[in-house]
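Heads up: the sequence lines are chains S and D, in that order.
Per this note's numbering, residue 1 is the first one in the first sequence, and the count goes up by one each step.
Per this note's numbering, residue 1 is the first one in the second sequence, and the count goes up by one each step.
Derived by calculation from the structure, the hints in this document are not laboratory data.
Owing to the predicted nature of the structure, the values given are computational and were not obtained by experimental measurement.
Among the clues, some could well be false.
Said to hold, decoys possible - Derived DEER-like restraints, expressed as beta-carbon distance ranges:
# : chain 1 : residue 1 : chain 2 : residue 2 : range
1 : S       : L76       : D       : L46       : 25 to 31 Å
2 : D       : F159      : S       : A48       : 32 to 38 Å
3 : S       : D61       : D       : G278      : 47 to 53 Å
4 : D       : S104      : S       : T128      : 55 to 61 Å
Backbone N, C-alpha and C fix where the C-beta goes; we use that ideal spot for every residue, glycine too.
The primary structure of each chain is shown beneath.
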Amino acid sequence: MTSRHSRSDSLVAVGRTFAVTAAVVCLLPLPLLVAIATSTSWQRGAWAEGPTFRWLAESWDNFAPYAGVSLRLALLTLVIDLILGLPVAWALARRRFPGRQALYALISLPLAVPGIAIALALILAYPTWRAGGWLLVAGHVLYTLPFLVGALAPALAGADLREREAVAATLGAGLLRRLCFVTLPVVRPALLAAAIMVVTLSLGEFNVSFFLFTPTEKTLPVDLYAAYITGRLELAAAATVWFLLLVVPAAAAIEHLGGARVGQA
Amino acid sequence: MLAEPTIAHQSEQQHRPAADLGAAALAAPVLLVLFALLLWPLGVLLLRSVGAGTGELSLVTYREVLAEERYWRALGNSALMALASTLGALFLCTPAALYIEGQSGYGRRVLAVLLTIPLSLPGVVIGFFVILFFGRTGVATGLAQELLGRRVPPLAYTFWGLLLGYLYFQIPRVVLVLRGAAAAIDRDTLDAARTLGARPWQVYAAIVVPILRPALLSAGSLSMATAFGAFGTAATLSRGYRVVPLEIAAAFTERFAPELAATLSVLLALLTGALLWGLGAAGSRRHGIL
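Extracted from the complex, chain S is given alone in its bound form (with noise of 0.2 Å):
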């Protein structure tokens, strides 16, 4: 284009394949899982039939009473999260008091802790708690709270927020008023990435749910993995396409609000 990209030529050459390289990398497993899934089978080859939907339509009734589990989970996480993370963000921000550092190392350290660990436990603490499904919930929380702490603290921090509603205050607006009409419009795109993070981190959580799970609240992962170790291939790749049906489009979302974080695998 400009003689000052034909200079850098071959380190944007070099970049740019790299980069080609990793998304194609990270895409070509999509379009190999939807043949799979519409094939008759996978073993006589890709569509020898014709395309068919009796693998999609078989696995949707496995997969609409688990995503219910699993959503149900993702809400309740969340809510408890914003009770729980949302007044501590504001803390963190806003306020300086012995041991801050602390506090937000303890909020992070579900992140340093392998989630097979934090999940067995769990189970050791609190036996008893399993079968109602409330280890599973706080996992979950455990696992997400540190990503919508880390998500509102920065955006609460910003100086220009703040003098804003300093601005607000002078004017005589109340605490109220400021919250809602002031402080709210400028953090929403934080609050709602942080949200769709916790829903779309609680929804493909794996390593924690596989201890914790009960028979009647098991989540879409496990189930799954189920699917990949016992079932046959093409009901377990359109399981799959259910799946990704309900969480990519919401990391295309974060991205879109402002950029995704670093969570476990």
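Given chain S, work out where chain D should sit, using these hints.
This is chain D only, laid out in the frame that chain S set:
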């Protein structure tokens, strides 16, 4: 390991007394919950690993674990997998992040979005992706059989299959951490180096890697810790290559030995914690993961 949120206002800092009752009230619910659901359970885990449930405290399960070749092999497998997937991801993602941050326009945005897709996928799904390509009826396995004209054992359940799965979930995480730092690199410096005749690898060795060093270290430590703790991908591909999280699950669900599982968990948590703190501290705190 983690960056802290922007520091509060200067004036507030000066006239606020050491004990802030307002902040304490705001933080109290979280502290209570984290104590009950995190610190206490982790303490129980530690106590159980030293035999608190059986009567007297002893390090006997630790001695058992360290005496068993099976666990040493799992540890070696985990370490090799963590190292290989981390180095692979850093190699692939450094130029990618530099490119994405250096360009403006639609293509860059699309690449950025595509690279975040795997973030929302659980490890089990990523393991399934590996099976789709390298399993018994996988596309790549079939292709190799066509080309070689003989049966090929599936790669999915070997070191290489697992490595591809681990790379798949490392790529978006490493790209995210590196992108922020790559955006700060001065493009004119890169252009100047190119004008003076430096080859791309020389630009990376002399400019990019030294500038990105803190971010590379924190991305690396995060990626190592993630790999050590990753369970879903390994569980789906668990037929061959055994890593530590699989042994923890097996100790608890198959051998019904909670003490053994607790001991392995404590060792694994110490290992990932040390990696995050050690390598993370070597990088700057400002390039943390939050």
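Hints and how they fare:
| no. | hint | in the structure |
| --- | --- | --- |
| 1 | S:L76 to D:L46: 25 to 31 Å | holds (29 Å) |
| 2 | D:F159 to S:A48: 32 to 38 Å | holds (33 Å) |
| 3 | S:D61 to D:G278: 47 to 53 Å | holds (49 Å) |
| 4 | D:S104 to S:T128: 55 to 61 Å | holds (57 Å) |
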